[in-house]
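Which chain is which? The protein sequence lines are L and U, in order. Counted the way numbering that gives the first Met the number 0 counts, the first sequence spans residues 0 to 285. Counted the way numbering that gives the first Met the number 0 counts, the second sequence spans residues 0 to 248.
Don't read these hints as lab results, they were simulated from the structure. Take the hints with a grain of salt, since some may be wrong.
As the list claims (entries may be wrong) - Each pair of labels, with its calculated beta carbon distance range:
#1 L:Ala181 x U:Gly213: 44 to 52 Å
#2 U:Ser123 x L:Gly221: 18 to 26 Å
#3 U:Gly131 x L:Ser39: 14 to 22 Å
#4 U:Gly106 x L:Gly221: 43 to 51 Å
#5 U:Gly82 x L:Phe59: 42 to 50 Å
#6 U:Arg81 x L:Val20: 29 to 37 Å
#7 L:Ala106 x U:Ser63: 53 to 61 Å
#8 U:Ala115 x L:Pro248: 55 to 63 Å
Backbone N, C-alpha and C fix where the C-beta goes; we use that ideal spot for every residue, glycine too.
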Amino acid sequence: MDWLLGPFADPAMARALAACVALAFGGAPIGVFLVLRRTSLIGDALSHAILPGVAIAFVFAGFSILWMTVGGLLAGMAVAILSAAASRVTALREDASLAAFFIISLALGTLLVATFGTDEELLHILFGQVLAMKNEALLTVAGVATLTMAALALLYRPLVLECFDPGFLRGAGATGALVHFAFLSLVVLNLVSGFQALGTLMAVGLMMLPAIAARFWADSAGGQIAVAVGLTIAAGFLGLIVSHHAGTPPETTIVLTAGAFYLGSLIAGPRGGIASRIVQLRHLEA
Amino acid sequence: MGAAVRLDNVTFGYRRHPAVHHISGTFEPGSLTAIAGPNGAGKSTLLKGIAGEMRPLSGEIALSGTTRRDIAYLPQIGEIERGFPISVLDMVAMGGWREAGLFGRIGPDVLKRAEAAIASVGLSGFESRPVGTLSGGQVQRALFARVLVQDARLILLDEPFAAIDSRTTADLFAVLARWQGEGRTVIAVLHDHDAVREHFPSTLLLARECIAWGPTGEALRPEHLLTARRMCEAFHDDAPVCHADEGHA
Numbered sequence: 000m001d002w003l004l005g006p007f008a009d010p011a012m013a014r015a016l017a018a019c020v021a022l023a024f025g026g027a028p029i030g031v032f033l034v035l036r037r038t039s040l041i042g043d044a045l046s047h048a049i050l051p052g053v054a055i056a057f058v059f060a061g062f063s064i065l066w067m068t069v070g071g072l073l074a075g076m077a078v079a080i081l082s083a084a085a086s087r088v089t090a091l092r093e094d095a096s097l098a099a100f101f102i103i104s105l106a107l108g109t110l111l112v113a114t115f116g117t118d119e120e121l122l123h124i125l126f127g128q129v130l131a132m133k134n135e136a137l138l139t140v141a142g143v144a145t146l147t148m149a150a151l152a153l154l155y156r157p158l159v160l161e162c163f164d165p166g167f168l169r170g171a172g173a174t175g176a177l178v179h180f181a182f183l184s185l186v187v188l189n190l191v192s193g194f195q196a197l198g199t200l201m202a203v204g205l206m207m208l209p210a211i212a213a214r215f216w217a218d219s220a221g222g223q224i225a226v227a228v229g230l231t232i233a234a235g236f237l238g239l240i241v242s243h244h245a246g247t248p249p250e251t252t253i254v255l256t257a258g259a260f261y262l263g264s265l266i267a268g269p270r271g272g273i274a275s276r277i278v279q280l281r282h283l284e285a
Numbered sequence: 000m001g002a003a004v005r006l007d008n009v010t011f012g013y014r015r016h017p018a019v020h021h022i023s024g025t026f027e028p029g030s031l032t033a034i035a036g037p038n039g040a041g042k043s044t045l046l047k048g049i050a051g052e053m054r055p056l057s058g059e060i061a062l063s064g065t066t067r068r069d070i071a072y073l074p075q076i077g078e079i080e081r082g083f084p085i086s087v088l089d090m091v092a093m094g095g096w097r098e099a100g101l102f103g104r105i106g107p108d109v110l111k112r113a114e115a116a117i118a119s120v121g122l123s124g125f126e127s128r129p130v131g132t133l134s135g136g137q138v139q140r141a142l143f144a145r146v147l148v149q150d151a152r153l154i155l156l157d158e159p160f161a162a163i164d165s166r167t168t169a170d171l172f173a174v175l176a177r178w179q180g181e182g183r184t185v186i187a188v189l190h191d192h193d194a195v196r197e198h199f200p201s202t203l204l205l206a207r208e209c210i211a212w213g214p215t216g217e218a219l220r221p222e223h224l225l226t227a228r229r230m231c232e233a234f235h236d237d238a239p240v241c242h243a244d245e246g247h248a
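Extracted from the complex, chain U is given alone in its bound form:
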């Protein structure tokens, strides 16, 4: 049921400069993993790569138990155009594109699922409101509802709790737990280590390369966090050369 993602010595970068390099490891089926690390560690880049938005400069990403089109990828909230006049229900129902196709009609069953998803993220009554009138937390709830409708086996979330109040965060963590209970594989980029410790069984600590990957308590040990911080402070844009031996952490 669950989907696995295997990374084999993967490097991502922009303009040939590696941003994250030589990552190897596996996100197990049904696992709930946080990608943690300082700002600029390459967390979002790695997630984009897994989502297929970016091609690796080298190495390979292998998906099993899912296909590229069966991934629910939720980018950072700033990447959607919130001024566009679209209702919450329409936006959430777009999660049903796999049944409807891009051109087909959204059927009544998808609409019903969209309504149920809206209710389960606590947005009942907001169905016909334009997305532009929602608060940041409410938009994030609606985006989670769209992921619910997508019914994907691999779910990728980029900073889903940034700038969101504690009550919304708690509600959305409940959705996350539900996904894990259903055997879906969830990978989320998070910078808040306390939240990671509380909610994520496993963690990949990233600082342009893999510092630690395993059970959260182990991965987030103080010496690992210190290493991660040093690695990111040491990086600057003119450091283009990638020494192959340093990468295999």
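So here's chain L without its partners, still in its complex pose:
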């Protein structure tokens, strides 16, 4: 028991866990919707897109949580809008424009931080510092989670409709573009929030891996969200414990724990996992 709970006597560990819990309630439902929309990779793309904004803020204001958050938000929204606009105005599809914009962003951001900062600072921005969560960072993460849950409660039906039957949504008088944009904003917001704890590269891991694993445990969208939230909290908890005892970097350990959950679900998940395919060879007979 002490092995499990003892490490959290350290306030840094307790704060890190609190951040993971908040990230679970904001990011996991967003991740589930990304999976349901068959756009799982958009999270990856946008997570790289926030880097140049963070980097520019870093160049001008140093390692300031507030400015890096604002910068990341602006850059992420800019790429989301640009690629959505490019796909509507030009012949390019959205995935292609995103692929183009995010790789430019990643290169530009890395270049900026590497030029104006140290290697260590670059590592902190890319991989986070979950054990050094300041008050304002914790508040940002918690605030984004609260905002996301409120927004999802409001947007749930249009979002479901936009995935399931976009024509019906248009008939209902809502513009799919508006719902789409609101959703992309939530994705960016949660990635920036995840960046506070896990850095721009690892944030998307905690958003997507539990969401993808949840697909193997529940049929309904609500069920998948519940499972994803639970898995995210568990990954944060276990990842922190393991990294504490094994002396590994906590951010990557948390994401790898989530990755282990995914692999376990892939094998043992009752809804279409590998084991369920093998076991269900015979049909039911009276």
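Given the coordinates of chain L, assemble chain U onto it according to the supplied hints.
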């Protein structure tokens, strides 16, 4: 009570190439009309246009007795994402968006209506099943139930009986007859001429332009069908120019 749709020299197309052109006429209030014609005749395009999904390249569509938001439009079944995890009841209850709004709660009266609609299309007991586990015919029944909940005065159906067995088709035709009895205006795209003759009092025969529009027996006369087939075979994508005089059939 019924809604009317008046088409005034309407042309629809893609990338400036007209797909259906110079259609004029009126779908009368409370009428049950089939839009028939060969593949590629522009049937779905015209229906999309009436539903407001596509803007006409020229001409005008006037609705009376209804508004754009009070149209129940059922696209071809392939246009919905059936893998999405949503239950039959939730899907059907979405027909109640006009009362609930997009963001509001689906109230108990809408749920009750959704359950009644599910029962009347013969899907009782399937309320909590995910849509993804239904057969094609069952999905079409559920979509009809959603139209029932929508309670719209103008109902547009695109190939509602494609790839559906005869029993389901018969059940859904009964729903269609019920709508007509309630004074709703129904327009359905259908390629099966026998079904059109049996169930639809009036028909618009389309082959990129209006070949005939009127009582079904008259519209589907053999010479009209022959003309329709010739028109569609003759069309190719590089025929961009639209001669205004040929359109006013």
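Check: Can you give the numbers of the hints that this structure goes against, from lowest to highest?
Finding: 4
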